[in-house]
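There are 2 protein chains.
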Amino acid sequence: MSVTDATLPRERQGLILERLHRDGKVVATDLALEFKVSEDSIRRDLRDLAAQGLCRRVYGGALLAQTPVAPLGERHHERAELKRVLGRVAASLVGEKQIIFIDAGSTNTALAKALPDHRSLTVVTNAPDVATAVLGRPGFEVILLGGRLDPRIGGAIGSRTIRQAQDIRADLCFPGVCALDPVSGLWTFDEEETVLKQAMIEASGETVVIATPDKLVASATHHTAPITALTHLVVASDTDASMLERYRHAGVAVHL
Amino acid sequence: MSVTDATLPRERQGLILERLHRDGKVVATDLALEFKVSEDSIRRDLRDLAAQGLCRRVYGGALLAQTPVAPLGERHHERAELKRVLGRVAASLVGEKQIIFIDAGSTNTALAKALPDHRSLTVVTNAPDVATAVLGRPGFEVILLGGRLDPRIGGAIGSRTIRQAQDIRADLCFPGVCALDPVSGLWTFDEEETVLKQAMIEASGETVVIATPDKLVASATHHTAPITALTHLVVASDTDASMLERYRHAGVAVHL
DNA sequence: TGCAATCGTGCATAAACGTGCAATACCGGG
DNA sequence: CCCGGTATTGCACGTTTATGCACGATTGCA
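Protein sequence lines, in the order shown, are assigned to chains A and B.
Quick note: the numbering used here has the first sequence finishing at residue 579, numbered continuously throughout.
Quick note: the numbering used here has the second sequence finishing at residue 579, numbered continuously throughout.
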């Protein structure tokens, strides 16, 4: 489109600050590569920013001027940490320029946060939290599925949502799931929710389920999809080996 | 097609502003090429716009006037505090069992947080942030408008969103606004955004605009609604009295 | 200590900038 | 119709800013 997609000097400094606040640190070499300028220019940028008190200059790059994040609560931290790890593993299954369905749920929100930038991904979701997690980050296009929001699941459900979902064709989908079984497949608690997940799965090439340990032993009321619909499963590394073998035997790629 | 497709100077400045709000930056060289004028003229335009506080002049072009990150806690906090107060005032205009449209925007997010519980309100919004602010609280039903999310606005826009909005009839609507004028009414920067706000206003009985001080002196490119469409205006208490009188004269109820 | 990466400084070059000036177009009054 | 004022524009000039490279000093790590 534009003749020059060159980055303005001051704009670059702003982007550096943005990266700094997101990652907590920046590396001079990486920045030089990313913005396609010499390391000297980056050094000058960092020096200016440090002079304004906006960052702390260190050998090799810069750090946040303030302490990045206070340590979170301990108990809640552990479950969140697990979801974060599972999310990161699941995120690695996503390729460049793919269209991905992300269902509502705290685990899927963690996945959304873990998705890499600059991959030209299109994220389709019925959950405001997921949308917020990726909105505004570079290389993301976000499509929101509307409808009535169910406070229990934190996402839109209902016929209107399903109709919108049917307009989409995706490469990958990440349905939230209430229970999982190596023989019968995916189970959910709610009728409307079930139909939406089914539409989601049908519209996608591959299906990935991220299962926290509790999902592997739970049971639910509505059958959502057979185990054959599942292509990838992401679970904690301390999961029972025989259980995993049963999933592999059903043709599911298991990731730890 | 007129024979002269020459762009008027002031018109050009408006178009530059539009591009600026669309892309977050403008490059002087590109603009000169696009409008077929010398870079000197572009520089003069940018200088004028910057003098009006509508953009931030930088070497090579211009950036959005908005502060990229909070330079100091005080200023940003003060603005947040102001929005919180304005939000609370606006929230008092909402009655029991009403259906209300809430547009995207940080001020409207503050409004959503300030809405009272247990009032059987139905909130219709195109913004994930607004949805999250009220989701799960007692006495709220939330309807999400889907569509492609615009990262600059923080909400869904486009024809799909508009179609969903047209299915709704609301008591009250809170359109976000880029600029406000006691004679001409509401102004916005983006075409698609304009159409959505128009649909929103038409579908609602009353229209409330929450205007932070900067909106009252700013100017924008797209006319969104006449002043007669406005029923309530919420502004800071230190706003110029003669300005408020002009709004009251136009039949707008002003709240401080 | 030795080595490689990183840093700061000085310098040359190119791009962008501001200013002054002249040319042109538009507008209202005589 | 003419004429002076104003606004806008492009050009020339000297100035400022940003950049990359070269060189030597410094830092971190083994």
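None of these hints come from the bench; they were simulated from the model.
Predicted model, so just to flag it, every value in this text is computed and none were measured.
Careful, some of the hints might be misleading.
Since the list can't tell identical chains apart, any single copy or any two copies may satisfy a pair.
As the list claims (entries may be wrong) - Straight-line Cα separation of at most 20 Å, EDC-like style, residue types lysine to aspartate or glutamate; simulated pairs:
hint: 1; residue 1: Lys420; residue 2: Glu341
hint: 2; residue 1: Lys420; residue 2: Asp473
hint: 3; residue 1: Lys436; residue 2: Asp452
hint: 4; residue 1: Lys420; residue 2: Asp504
hint: 5; residue 1: Lys436; residue 2: Asp513
hint: 6; residue 1: Lys348; residue 2: Glu419
hint: 7; residue 1: Lys420; residue 2: Glu334
Hint by hint, here is what the structure shows:
Proximity of Lys420 to Glu341 under the C-alpha cut-off of 20 Å is found in neither arrangement, the shortest distances being 23 Å within a copy and 29 Å between copies. For the identical chains of this complex, Lys420 and Asp473 are inter-copy neighbours only, at 18 Å across copies versus 30 Å inside a copy, given an alpha-carbon limit of 20 Å. Taking the closest pair of Cα atoms, Lys436 and Asp452 come within 20 Å of each other both inside a single copy (10 Å) and across two copies (16 Å). With identical chains, the CA atoms of Lys420 and Asp504 are never at most 20 Å apart, being 32 Å at best within one copy and 43 Å at best between copies.
Taking identical chains as interchangeable, the C-alpha atoms of Lys436 and Asp513 are never at most 20 Å apart, the minima being 26 Å within one chain and 29 Å between chains. Taking the shortest alpha-carbon separations for Lys348 and Glu419, neither the intra-copy value of 25 Å nor the inter-copy value of 27 Å comes in at or below 20 Å. Taking the closest pair of Cα atoms, Lys420 and Glu334 never come within 20 Å of each other, the shortest separation being 26 Å inside a single copy and 38 Å across copies.
Going down the numbered hints, you'll see the structure goes against 1, 4, 5, 6 and 7, while the others check out.
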